[in-house]
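Chains as they are written, first to last, in the numbering used here: chain P, 794 to 1109; chain F, 794 to 1109; chain Z, 794 to 1109; chain X, 794 to 1109.
In case anyone wonders, no lab produced these hints; they're calculated from the structure.
A couple of the hints might just be wrong.
It does not matter which identical chain is meant; a pair holds if it fits inside one copy or across any two.
Stated by the list, open to error - Simulated crosslink set (DMTMM-like; lysine to aspartate or glutamate; CA at most 20 Å straight-line):
1) K867 with E1083
2) K819 with E1044
3) K1032 with D887
4) K1031 with E993
5) K865 with D979
6) K862 with E900
7) K862 with E910
8) K1032 with E897
9) K921 with E910
10) K1032 with E1083
11) K867 with D890
12) K921 with D950
13) K914 with E849
14) K1031 with D920
15) K1032 with D1042
Next come the chains, spelled out residue by residue.
Number of protein chains: 4
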Amino acid sequence: MTTGTPIHVFVPNTDQRGGDYSEMAKAYRPSHADATYDFKYGVRAVQGGGRSSARETIGRVAAGALAKKILKLKSGVEILAFVSKVHQVVLPEDAVDFETVTMEQIESNIVRCPDPEYAEKMIAAIDKVRIRGDSIGGVVTCIARNVPRGIGSPVFDKLEAELAKAMLSLPASKGFEIGSGFAGTDFTGSEHNDEFYMDEAGNVRTRTNRSGGVQGGISNGEIIYFKVAFKPTATIGKKQNTVSREHQDVELLARGRHDPCVVPRAVPMVESMAALVLMDQLMAHIAQCEMFPLNFSLQEPIGMASSASELAPNLS
Amino acid sequence: MTTGTPIHVFVPNTDQRGGDYSEMAKAYRPSHADATYDFKYGVRAVQGGGRSSARETIGRVAAGALAKKILKLKSGVEILAFVSKVHQVVLPEDAVDFETVTMEQIESNIVRCPDPEYAEKMIAAIDKVRIRGDSIGGVVTCIARNVPRGIGSPVFDKLEAELAKAMLSLPASKGFEIGSGFAGTDFTGSEHNDEFYMDEAGNVRTRTNRSGGVQGGISNGEIIYFKVAFKPTATIGKKQNTVSREHQDVELLARGRHDPCVVPRAVPMVESMAALVLMDQLMAHIAQCEMFPLNFSLQEPIGMASSASELAPNLS
Amino acid sequence: MTTGTPIHVFVPNTDQRGGDYSEMAKAYRPSHADATYDFKYGVRAVQGGGRSSARETIGRVAAGALAKKILKLKSGVEILAFVSKVHQVVLPEDAVDFETVTMEQIESNIVRCPDPEYAEKMIAAIDKVRIRGDSIGGVVTCIARNVPRGIGSPVFDKLEAELAKAMLSLPASKGFEIGSGFAGTDFTGSEHNDEFYMDEAGNVRTRTNRSGGVQGGISNGEIIYFKVAFKPTATIGKKQNTVSREHQDVELLARGRHDPCVVPRAVPMVESMAALVLMDQLMAHIAQCEMFPLNFSLQEPIGMASSASELAPNLS
Amino acid sequence: MTTGTPIHVFVPNTDQRGGDYSEMAKAYRPSHADATYDFKYGVRAVQGGGRSSARETIGRVAAGALAKKILKLKSGVEILAFVSKVHQVVLPEDAVDFETVTMEQIESNIVRCPDPEYAEKMIAAIDKVRIRGDSIGGVVTCIARNVPRGIGSPVFDKLEAELAKAMLSLPASKGFEIGSGFAGTDFTGSEHNDEFYMDEAGNVRTRTNRSGGVQGGISNGEIIYFKVAFKPTATIGKKQNTVSREHQDVELLARGRHDPCVVPRAVPMVESMAALVLMDQLMAHIAQCEMFPLNFSLQEPIGMASSASELAPNLS
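The following block holds chain P by itself, in its conformation from the complex:
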């Protein structure tokens, strides 16, 4: 390997907006979108990462806030995400009750983990890498309660496929699993299948929920839950070998502020993208299946607003 010329790169910082980005233009940050944007477009926005910055998601979160409100008003849908892993600190599966967990519990600490004990461990893990100028990633778990039965599509646009695309479109995400996910492959079919039963209210329900609320691409009325993996932040404060835009081997040392763990900040992004997917699918479902229901004894129409006072005032 050629010995690299040292390059000191300045990373944007809210306190130093006027900083000098000229050096940053010279080196490709490892595992960042710097190089691929140049490969594709031959041009990129150096300041702040341009479209590759997680700031891009602000529009998604704004739209998601509206979608969440409408879903709640229309069908009582509640979407909540929380941090379930930071580096090697793993929140146990049974530490959170999907039926009862609240936003208050999630927002009670800075890492957005509803379990206070594990929140402390996660915060400690982040502090540990921060002082070393390093970074760590983690996992966000998302649940959606009260999603109507029948939302989604049977083939290409399966509900889990739409959710997977939405989540992998978030910066730094590298994995998605719904229901039992990868761990579900450790089971046999007889262990894994979710048996149906009739509940006291006369609804078809499942006793277990390894399906994660989706079967055959369509919601079954159980809680939808899935996990998203986020890699460690690419921009770190440690010296790295890389190449410059001029194709020279160089050493890079990022200066300025950088975030050692973006996972807690991904929580509202995950919730918002889930809300946008569900809202889109709900709109499609109502247009496709509720204008002309074929069999009311099997379908459960979500229905339209019956009066202005029912919905409109709550949207303002």
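With chain P's structure known, arrange chains F, Z and X on it following the hints.
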């Protein structure tokens, strides 16, 4: 729980096409699309599962075969998938060399695992559940070699997002991870980042490939690799509790043939969907970025055919 | 001009399906898609014209039949098209009452013109060119009664824009005009504007309908009406100069059956495409505007089915 | 008819931006989008018309300027529109030579008519209605020279269909015709067909161009030309009967500035939308047909840029 009325359900079988499906219409198979199709549409195709059957993917595989051929001719792209896990038999990460693995190795055994020793173990695992009338799932790993740099999009339609959607649209898939995926969250940024270097041919390359060939939604020229989790087949030969279409608790015993492990059969589906995604993105890239390249020193144009003889004869 | 080599081209004929198309492959029929398909694809389906044949519209008409039925059941929408011009025989504007014209009147003769007197003139015009081996075109007028107010979109996807695209996608169509259309440019604004008034049922109505039922891209509750121009059939039985696929000047004489005037056959195509556009827009409208009505005193919700018996039985 | 209560409505005026719009909110302007926006959304932007204002087209014109530049650089495409009718002043068909007309000729007068004599007549016609507080419409003709052969699609997305949709999406447009259009129905097929011949450069050409440069949905290399009808401006300075938002019959007298004829201002909108359609289709064509040409002797590849210096500098 109400004691279920026993229902014996007949599962379609290539030897008994004329079989009686009337009983199958009565019970919802656990973890199958039976119930959700009824919730959504109020009607479903009982025979063979209709659109929820993996037979639906035949069109995808046909189209994928063309896409693979074109990608190969145009850019030398090679797409190969193989089984890397069956139930609890896990192919070690280092057992397969992504640079050199061949389709011959993969197709040398019935489970489509390129390592003969692990192939035997997987076959044994499948045989074990077959005789019990049970089923198992597993994981398919897919690689794409020689994908040009610059394929993909920076925001919503990231290459990994398109791949994730494509894979989660396959029947029985429950998870997707690209590059280091979920396991990548165990690393720090300094351990995880893929350092860039200039190779002897003057190309920007990375020393490691935890990114899985994609950074910021766009291919970086390294091998693209990802994994897809497939749950155990829902239809099994063991008695299960469930409910009927008429909302009665019943016992279900599927009769007829059923497949104890569909994972080997998912291999061509995964390859085909990967090829279709890459083909779509390649077409978009050429239209968007190669008609009007901005900076040839950074971009690497894929280019157009220069003569009819170059391509046309090979497509027939 | 080079003197062309005579080529006799055989045109498909329902009585002679086994006919020899080899000659047809040699010459480009003037004003047909023969040449442009070759320019674009380098290959074309010679037999029957492939996708350029009006037979392609069979799927549109089948889907349109369903859409018409649903629109009728849901909102009482009635879509009727008829021939209003054949060559130089022009049906006077006031010969047809858009409020009362029926399908029976339209279907009472072979040219699908609701006025018997003009139907006779049109039939005579067609007979006249048939015996000469020539062809003629004409105009189809389409009306849609009882379209709910509020259907359409305000900017790119205006209802008239969707209709225009749908109509210009029909083979041989060369023009589209809605409401007063091109003739509306002869009026001043004070002559052309449709004054609003409140009718006895308390609905906002217009006294005239030069808008053709659409204002600002959105339906206003009046009858939607538009016209579509169809050029004379390109394939004729008279000798024409043209060029061959091998770029030689040739003379072409089409043999076999050809249709001297396709305009009456375009009537169901026009109706079907109108129904598909309206159905799409109705579905979008219900999803976008009726799930969350903002102001019931201004909007007129179309509403959902309130019982299975209301709709389902009628769709079977 | 109920005697209307007089309402004086203020129409926005660049000199009086702070004007009082409160009265305008009360009455629906005849033939304007006022009423339909309320029917659909239950809410509308009163000031300036919101999305129904032609100001909305600014983004289209900005994007169109780029598309025109790229089309010119890539394929020498020239797109020019001009006013060919204002009220009852009709520019004769032979007054403009499509082969040679220039932007300078078009821009030489305020009505954007390339014939000075008719421009004067049009200006006089507009002046005449302006003083009466009335309005008039007209027709814009658009031509596109040097469009490559093979651009467009054979079925739903025919080039003429895309153009028709684009034009009918412009405010106040009521009609579209390509090539011979509605007048083409006066001809027989033998009179109307465009005979092919080989020109001296060895290209397949047509002697006439009644097709308007498009056959079977695909460009044939001749000049594309079409016409768009624009109705008289809805907002006028004369008293009109209408209804208020509260469903009362009222009289409306618009105050403030209003434009008596928007047709000259529609010229750049028409050019821009044509450029955007052609650009989209060119991109699709290159991706679909030029990556893998099937028959070079029939197709005429447009080709990719062969060097950065060829294109990039000209785009800045």
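message: Could you work out which of the previously given hints the structure breaks and list their numbers from low to high?
response: 3, 4, 5, 7, 8, 10, 11, 12 and 13
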